[in-house]
Amino acid sequence: MTTEYALVPEAAPADTIIHNAVVLDGNPADFTAELADDWLAEAGGTVIARGRGAGWQGLATSATVRIINAEGAYLTPAYVDIHCHGAGGSSAEDGEAGLGEVLGVHRRHGTRALALSFVSDTIEGLCDSLAAGAGLVRDNPNVLGLHAEGPFLSPDFKGAHAPEVLTAPTPEAVESILAAADGALAQITIAPELPGAFDAISRFASAGVSVAIGHTAAGYEEAARAFDAGASILTHTFNAMPGIHHRAPGPILAAVEAGHVTLELINDGVHVAPAPARMLANLTSGRIALITDAMAATGMADGRYMLGTLPVQVEDSVARLLNEDDTTGSIAGSTLTMDDAVMAAVAEVGMSPLEAVQAASLVPLRALGRIAADEHSLLGVGMPAEYLLLNADMSIQAENMAR
Numbered sequence: 001m002t003t004e005y006a007l008v009p010e011a012a013p014a015d016t017i018i019h020n021a022v023v024l025d026g027n028p029a030d031f032t033a034e035l036a037d038d039w040l041a042e043a044g045g046t047v048i049a050r051g052r053g054a055g056w057q058g059l060a061t062s063a064t065v066r067i068i069n070a071e072g073a074y075l076t077p078a079y080v081d082i083h084c085h086g087a088g089g090s091s092a093e094d095g096e097a098g099l100g101e102v103l104g105v106h107r108r109h110g111t112r113a114l115a116l117s118f119v120s121d122t123i124e125g126l127c128d129s130l131a132a133g134a135g136l137v138r139d140n141p142n143v144l145g146l147h148a149e150g151p152f153l154s155p156d157f158k159g160a161h162a163p164e165v166l167t168a169p170t171p172e173a174v175e176s177i178l179a180a181a182d183g184a185l186a187q188i189t190i191a192p193e194l195p196g197a198f199d200a201i202s203r204f205a206s207a208g209v210s211v212a213i214g215h216t217a218a219g220y221e222e223a224a225r226a227f228d229a230g231a232s233i234l235t236h237t238f239n240a241m242p243g244i245h246h247r248a249p250g251p252i253l254a255a256v257e258a259g260h261v262t263l264e265l266i267n268d269g270v271h272v273a274p275a276p277a278r279m280l281a282n283l284t285s286g287r288i289a290l291i292t293d294a295m296a297a298t299g300m301a302d303g304r305y306m307l308g309t310l311p312v313q314v315e316d317s318v319a320r321l322l323n324e325d326d327t328t329g330s331i332a333g334s335t336l337t338m339d340d341a342v343m344a345a346v347a348e349v350g351m352s353p354l355e356a357v358q359a360a361s362l363v364p365l366r367a368l369g370r371i372a373a374d375e376h377s378l379l380g381v382g383m384p385a386e387y388l389l390l391n392a393d394m395s396i397q398a399e400n401m402a403r
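What the sequence shown shows, in UniProt numbering, is residues 1 to 403, in sequence order.
Just so you know, these hints were derived from the structure itself, not from any lab.
Keep in mind that the hints are not guaranteed to be accurate.
[Claimed, not checked] The calculated lysine to any residue pairs, modelled on SDA-like cross-linking and capped at a C-alpha distance of 20 Å, are:
| hint | residue 1 | residue 2 |
| --- | --- | --- |
| 1 | K158 | M306 |
| 2 | K158 | G125 |
| 3 | K158 | P311 |
| 4 | K158 | V272 |
| 5 | K158 | Y220 |
| 6 | K158 | R320 |
| 7 | K158 | N239 |
| 8 | K158 | E324 |
Use the sequences and the hints to build the structure in full.
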């Protein structure tokens with residue numbers, strides 16, 4: 001940011017001013033240097049002015065205004081997670097009873113809002129969960145929407161989804177899901193090779209739902225057709241899909257080449273190693289959305305948990321399906337939090353601090369259609385003052401988020 005923004009007309013006097021910060025917000029093309037000379041003023045939870053230099057001093061007109069010297073810290077938008085199954089011992093399927101725990105854990109790690117992700121279920125069971133979840137979306141601004149991760153998934157790439165409920169999308173099932181969600185469905189994951197998938201993609205997209213391709217056996221051509229048909233997200237890139245082969249490039253390169261597609265990344269070093277994550281970041285600048293795919297064990301001790309109807313064993317913070325003989329199998333979600341994902345994006349993947357922050361805030365919102373493709377700021381004048389102060393290693397120093 002290089003210009004000084006005007007005060008919001010008729011704004012209340014500033015109640016908080018942060019100065020001597022590096023604001024990581026705005027168009028990357030305009031971001032030329034990390035100078036600890038930025039400031040932000042807020043009143044009543046709204047950004048009323050932003051600038052660089054000493055201009056903030058003219059807003060410090062009251063003895064009650066709180067002035068914070070950031071001492072060179074990064075000032076960033078709070079994070080957003082568009083693929084989150086749970087935390088604190090609770091899951092999306094627990095509804096209102098567990099929502100406080102889920103939001104509370106992720107809030108402590110920098111996430112101000114998230115989409116509640118449901119694992120595969122019968123159509124009837126999923127519709128019941130979506131109907132209950134729709135009320136949570138209406139009543140809680142911290143819930144962005146609902147994400148149905150299935151049941152329209154490939155049995156060959158089912159991951160931690162119960163195989164007996166996986167099915168192809170029929171028109172009747174699609175309409176039942178849309179009706180049950182009552183406008184609250186933000187995202188749905190579909191394997192495009194299933195019968196009826198392309199009609200389902202078109203129908204969901206026309207209803208304003210962001211369609212993701214994932215848990216799929218689709219090759220390059222089929223995935224490319226799905227993106228042309230309206231799909232706009234790749235669910236947890238590299239996981240539960242064919243990899244990149246020089247004669248079979250697969251869905252990943254189809255997503256790379258489709259410029260409108262957002263690529264989710266579980267950046268915990270377990271789901272995806274740093275080297276392919278770096279490759280992805282180099283190929284898709286500004287299109288990676290960091291997600292947690294967090295399940296109920298997030299923020300909890302190692303032990304046994306449930307992901308939908310499937311038992312999960314968490315050891316050394318890695319969640320895996322638990323087999324009947326007590327051995328472990330596929331990775332089952334994660335215990336990742338967004339602050340760790342952002343720190344690793346800079347330290348391991350090589351993203352710039354601005355790129356990493358936008359991958360955890362701006363890009364996810366853009367993927368769900370909550371902000372325009374040409375919008376680059378979440379802390380502009382007139383916007384909610386929901387921000388984080390980060391240390392040089394991108395760890396959280398302090399936060400300011402609406403409760």
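Status of the hints after comparison with the structure:
1. As the CA atoms of K158 and M306 are separated by approximately 16 Å, the hinted pair is consistent with the 20 Å bound.
2. For the hint pairing K158 with G125, the CA-to-CA distance comes to about 18 Å; that is within 20 Å, so the pair holds.
3. A hinted pair counts as satisfied when its Cα atoms are at most 20 Å apart, and K158 with P311 qualifies at roughly 15 Å.
4. The straight-line distance between the Cα atoms of K158 and V272 is roughly 17 Å, inside the 20 Å bound, and the hint therefore holds.
5. Distance hint between K158 and Y220 is fulfilled; the C-alpha atoms sit about 19 Å from each other, no more than 20 Å.
6. Using a Cα cut-off of 20 Å, the hinted pair K158 and R320 holds, with the two alpha carbons roughly 13 Å apart.
7. The suggested pairing of K158 with N239 holds, with an alpha-carbon distance near 10 Å, which does not exceed 20 Å.
8. The straight-line distance between the Cα atoms of K158 and E324 is roughly 18 Å, inside the 20 Å bound, and the hint therefore holds.
The structure meets every hint from the earlier list without exception.
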